[in-house]
Each structure stands twice: as structure tokens, then as C-alpha cells.
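For the protein sequence lines, the chains are A and B, in the order given. Here the working numbering is used: the first residue of the first sequence is 1, the next is one more, and so on. Here the working numbering is used: the first residue of the second sequence is 1, the next is one more, and so on.
By construction, these hints were calculated from the structure, which means they are not laboratory data. Mixed in with the good hints there might be a few duds.
Restricting the straight-line Cα-Cα distance to at most 35 Å, the calculated cross-link-like pairs of lysine-lysine (DSBU-like) are [claimed, not checked]:
1. B:Lys237 <-> B:Lys335
2. A:Lys122 <-> B:Lys373
3. B:Lys97 <-> B:Lys373
4. B:Lys237 <-> B:Lys32
5. A:Lys122 <-> B:Lys347
6. B:Lys382 <-> B:Lys135
If you want the footprint, here are the derived chain A segments under chain B, 3+ residues with CB under 8 Å [to be verified]:
7. 41–50
8. 58–70
9. 77–84
10. 256–263
In this text, a Cβ means the ideal position worked out from N, Cα and C, and glycines have one as well.
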Amino acid sequence: MNRQQRLGWWLCLPAVGAMLLVTAYPLAYAFWLSLYRYDLRFPEQRAFVGGANYASVLTSEVWWQALANTVLITAGSVMMELMLGFALALLMHRTLFARRTVRTAILVPYGIITVVAALAWKFAFDPTTGFINALLNLDQPWLNERWSAFCVIIATEVWKTTPFMALLLMAGLTLVPQDLLQAARVDGASRIQRFFQITLPLMKPAVAVALLFRTLDAFRIFDTVFVQTRGAHGTETVSIVAYHTLIARLNLGLGSAVSVLIFAGVSLIAIGFIKGFKAPLIHREDSQ
Amino acid sequence: MNGCTSPDKSTLPRLRWYVFDEPSGTFAEAAKHCSSASGGAYQIKLVPLPADADQQREQLVRRLAASDSDIDIIGMDVIWTAEFAQAGWILPWTADKAATARQGRLQPSILSATYQGRLWAAPFTANAQLLWYRKDRIEHPPRTWNEMIRMAEAFGEEGAVLAQGERYEGLTVFFTSLLASAGGSVLDETGRHVALAQRPTRQALAIMQRLADSPASDPALSTAREDQARLRFETGKAVFMINYPFVWPSANQNAPEVAVHMGWARWPGVTEDRPSRVAIGGINLGIGAYSRHPELAFRAATCLAGQAHQRMAAIRAGLPPTIEALYDAPEVRAKLPFADLLRATLKDAVQRPPTPLYNDISLAISRTLHPMKAIVPDRDIKRLRAAVRRALRSEGLL
């Protein structure tokens, strides 16, 4: 290590320290708590129980049901967001007039607070106060049944975060060199061929980032479900299970175990994406 | 200059009273009145909590678990007594103070503030559900659930029975009241073991299932709370409603054409020969264990829970008093014309399980029994017992 490298390390140190303080410490603390039986209502009964909390969570039908619900909401919303996001990104990319207005208009839902959006959608679908039933000429209590409740939740999520997806994808579209597309056109490639064989492969890193961010975000879904159904009718997600255990039941040990498992789920998703896409999300200079 | 006239307000010990946000402002007035009656000993400051009881509890327990010394007086829902007392978050009332706090109070209200033989709060307001019905559509109120469901079904679409079926505390209240009316209980007398005897539990579950499955039930039953039921009843599209007395002033104000036909009766029973027993509600005033001025807080809470303020809360906010004599006061009877029925209902009201794990048990019950439509009595007795047993051990997810 030469002097310059050493200086580099020293200069990094404050950042490393800050990261350890704000992310590593809470994580380690949560992990440590998850090894204890620790209920705030019975502080004197605190005891080391090893993996018992994990065993208890992993053998509970509540956890697996919530995990299945979360995966369903995540997959459903992210897939729809990707398709809609692409359409919006292409639209924003191509728009020749009123460019700024179009982009701003598309981004509005992303600027609205999630709880407010969730409440607005809840009211819209309410059989007595909402306008959706009147519009579709139905008499459906949407949030009273499992599948229709899922539809409302996923629709809220899609409405809310498609702009974010579109924004990331639009950034990816600008990566595609125009002359490459021109050349392909001269060679006789159709519009669809150009999209699937030139635009899409070149956008792979952008798509991977957009999907990764949204999947991680959707996996932690809490507000929309909490506001719309409170987790009833089989729409409970893993975050709501953690909330019930930690905040309502004050069971720090068990709740921390749930939180650590959610973190593990998030990590698995991230690793899966990085491996699955084979796109180097971290740019390495020495490998080129 | 300030010093020589009256005691400076800013130097008085300030007591913070955490209580739900009561819209008519009687709590604020009571706080003001007690502050001035103390002769400069303390100043009570009202800190409003959210309207939803679950959210009130979450906010309080987070602060109390962190030993927050800012909490002096707590407006405690009756179901929190055991939990708060067991965790050491509130102070017990010593014999002489407790004697004043108990004086003239309804026995079930005192019981709701008692845990392991000690008084932990001053009974302040009570609450109990009644049966509300349309006098113009039926001749006499039904005495049992089966009778009521039959009567409602005869009305077809318009005959709805409104109740609380969402997955929340209200569903637990509904089940507890049905179970007690059938002669059963959730926990045994020690409060450490599951009771849920076969016969009464089966009867309670069968009624819940029958109600939810009946064409006379509200189609939105599985997301209905007290307020949804009130709103629906005020539209005139229901014959029966199970609800708290707040629906009476509300109907008089919002739907006078419905209110003139509104009758009240005791909650329906499960069997002909046994009168119903419903779960008692309301709030009691507890003293925060980390308060900087506990002695003053006890004095202030005694003043707040006194007769004058219970009378005011009953007249202005429609909150049923815990002092029995107030049910004979003419101005209270004018506001609560069903005072005799309410007092009789409150007098043999049932307590929800008085255990520090009540919140877990309630979660277990409401989760197992929701939606009511899907209840299969014989299967769900076992599921319910297993869930409550798990909750009692405070293990596993609920």
C-alpha cells in the first residue's frame, strides 16, 4: 500500500464510521435482540433463547401466509409497473412538444404521500362513498374479499410507483446511441426488432436497477395494506406481521426475528437480481 | 410585577393528562376546573391522543416502556389495566386514596380498574352496548339472538342487523359478550388458563356464523366498525343495531327522522332463560409510574374523576358515568333517556380477560374468528383454544 492509497483509506474512514453507526449497528442490535426472549411487558423475564424465536416464526402459518401475500403483491405490482413504466418512458423519451409538462404530469403520483394515496384509493373503492362502483355499475365491496382487496392494493401501488420506474427506464433509454438505431434501420430492421435486439439489451443495466429498486421497495410494503385492509382478508404482509409483533405486542425478541428475516429476504432478492441479470451493477475498472 | 399578584402559572408543577381527543371539550374544561380548584398546587395540561384505542395504546406504551417522565395522568381504556400494572407503568392507589376513588362507583367499573386485588386507576367513564331498534317496524324488541335474526330475515333486504365484524377489538368484544351471555368465559378464574367451555363457546360461534350468513346481515359486516353501523342505521336501512350509546345523540343530530323511531333494549340473550351480559368499556384515570409529581397527580385524578366532571362528561359528551347516583340525576336522564337500562346493563357487565396479555388474546380471538361468515363452530372451538393458549404463553406470531 503506497502513501496515496493509505491517504485514500484515511479519507474514507469517516464515511465508513457513519455507515457502521447508522446501518450496521441497528442491524446487529436487531440480530442480538432476536436471540432473546424479550417482552417489554415482562422485562424481568428476559432470557437468552438462541434460535427459538426463529424456529417459532418459521414454523408459523402466519409467517408463510404473509410471505406468500407479500410475494404476490410484489410480483404483481412490479410486473405491471415494468410494462406501464416502459410505455411511459418511451412516451416521455419521444415527446417532442410540451416535454416538460408531460414529464411533470407523469411524475405527479410519485410525489403524493403513500398514506394519502392509499386512503384516496380506499375511499374511491368504498361501496358507499366511492365512485368506482358507480362508474362500473357494480355493487362490489372491494376490500371485503381477498382477491378484490389484492387488486385494489396492487392498483394503488402501481399507480403510485410506475412514475419512478418510468423515470429510471427513461434514463436507460438515453443510453442507447441514436446512430446505432439509425444503422439498424438502414439495414432493414423493423421497429420491433430494433427494440428487442438493440434498445433492450443496451438498457439491461437500467432495467436491472429499476426492477431491483422496485422489488426491494415492494417487498417491504406496509402503508397501503395497513390503511386499506389492516391486513384482514388474507392480505397481511411480512411488514405488518413485524408491526403487530413489535409495536402492538411489544415482543422485541420475536419481532426482531421477523425483522431480521425480512432483511434476509431483501438480501436474497438483491443477490438474485445481481446474479440473474449477470449485469455488473457495480462497475469494476480492472475487469475491463 | 407578576410575583406580587397571583402565583405565576409557569412555575406551577405542570401535570400532563394523556387522554383521547374528546370533541365536545369537556375534558379540557375539567382540567381547567381542577387546576383552579387546586388553589395553585398544580396546573393540568391536556395532551390529546388519537381517537382509535389501539393507536392510543401504541403511543402510550412506547413512551412508558422508555420511562417517559412526562406522563402524569393517563386516560386508560379499561382493557389496559392489567398490562400497565404488570409492567410497572402505573402506580397503585393506596388504601385511603382508593376509598375515595371507589366511592359510589358501579362495581364492574371498579373491577375494570382492579388487578390482583389492588386499585390501579380511578373509574371515570363507563360504556356498554345496547340493542337499538326501529319501534315503527317491530312491536317489541327481541329477547334472544335467534329471535332477532328471524325477525330481521322477515324484512328481507331492509332488515339488516348491524354489528361489528371487522378484524379488530370490536370483534373480540362481540365474541366476549356472546360467550358471557351463554355462560362462558375466555380464561378461567386464575386468568392463567384457557376456559372456553364447549357448550357456551359453541353457542356463541354458532350465533356469529348464523348472523354473518343470514340474508339479514349487513353485506359489509366483515369491515364494519361501530361508526359504520351508526352511519348505516342513520340512513334508515336497518331494523336492528348493536352499538354504544353514542349513537343516540348522533342520530338526534344527523337523522332526526330516524331518531324519533329509535327504541332501545337490552342486548339480546343467547338463551331465553338467561339475560345477556355485555363487555364493559370506558376509561379510568391512572397515574404514570415515572411522573415527577405523583402525589399531585393522584389529587388531580381524584378531582377529574369526581362527580361534577362525570356529570359534565355525561351531559355534554354522552359518556356514561361510573358513579351510580348520576343515573338518577334529571339532567343526565334528559341526555341519556335510556339511563335505567344502561345502568342495569352496566351492573352485570362482564370484564374482558384481565390479564397483562389481553392485547395478544384479543388479537388471537379476532384473527381466528374473522370473517364471521367462515366460522365452523366445531372446528373453530379447537382453533380458538389453541390460539388463546399460544397468546397466553406470549410465544409465536398472532
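So, going through the hints one by one against the coordinates:
1. B:Lys237 <-> B:Lys335: 25 Å, holds
2. A:Lys122 <-> B:Lys373: 23 Å, holds
3. B:Lys97 <-> B:Lys373: At roughly 48 Å apart (the allowed maximum being 35 Å), Lys373 (chain B) and Lys97 (chain B) break the hint.
4. B:Lys237 <-> B:Lys32: 43 Å, violated
5. A:Lys122 <-> B:Lys347: 40 Å, violated
6. B:Lys382 <-> B:Lys135: Not satisfied, since the Cα-Cα distance of roughly 40 Å exceeds 35 Å.
7. 41–50: holds (count 3)
8. 58–70: holds (count 3)
9. 77–84: violated (count 0)
10. 256–263: Contact hint for the stretch 256–263 of chain A vs chain B: violated, 1 residues under 8 Å.
Hint compliance for this structure: hints 3, 4, 5, 6, 9 and 10 are broken, all remaining hints hold.
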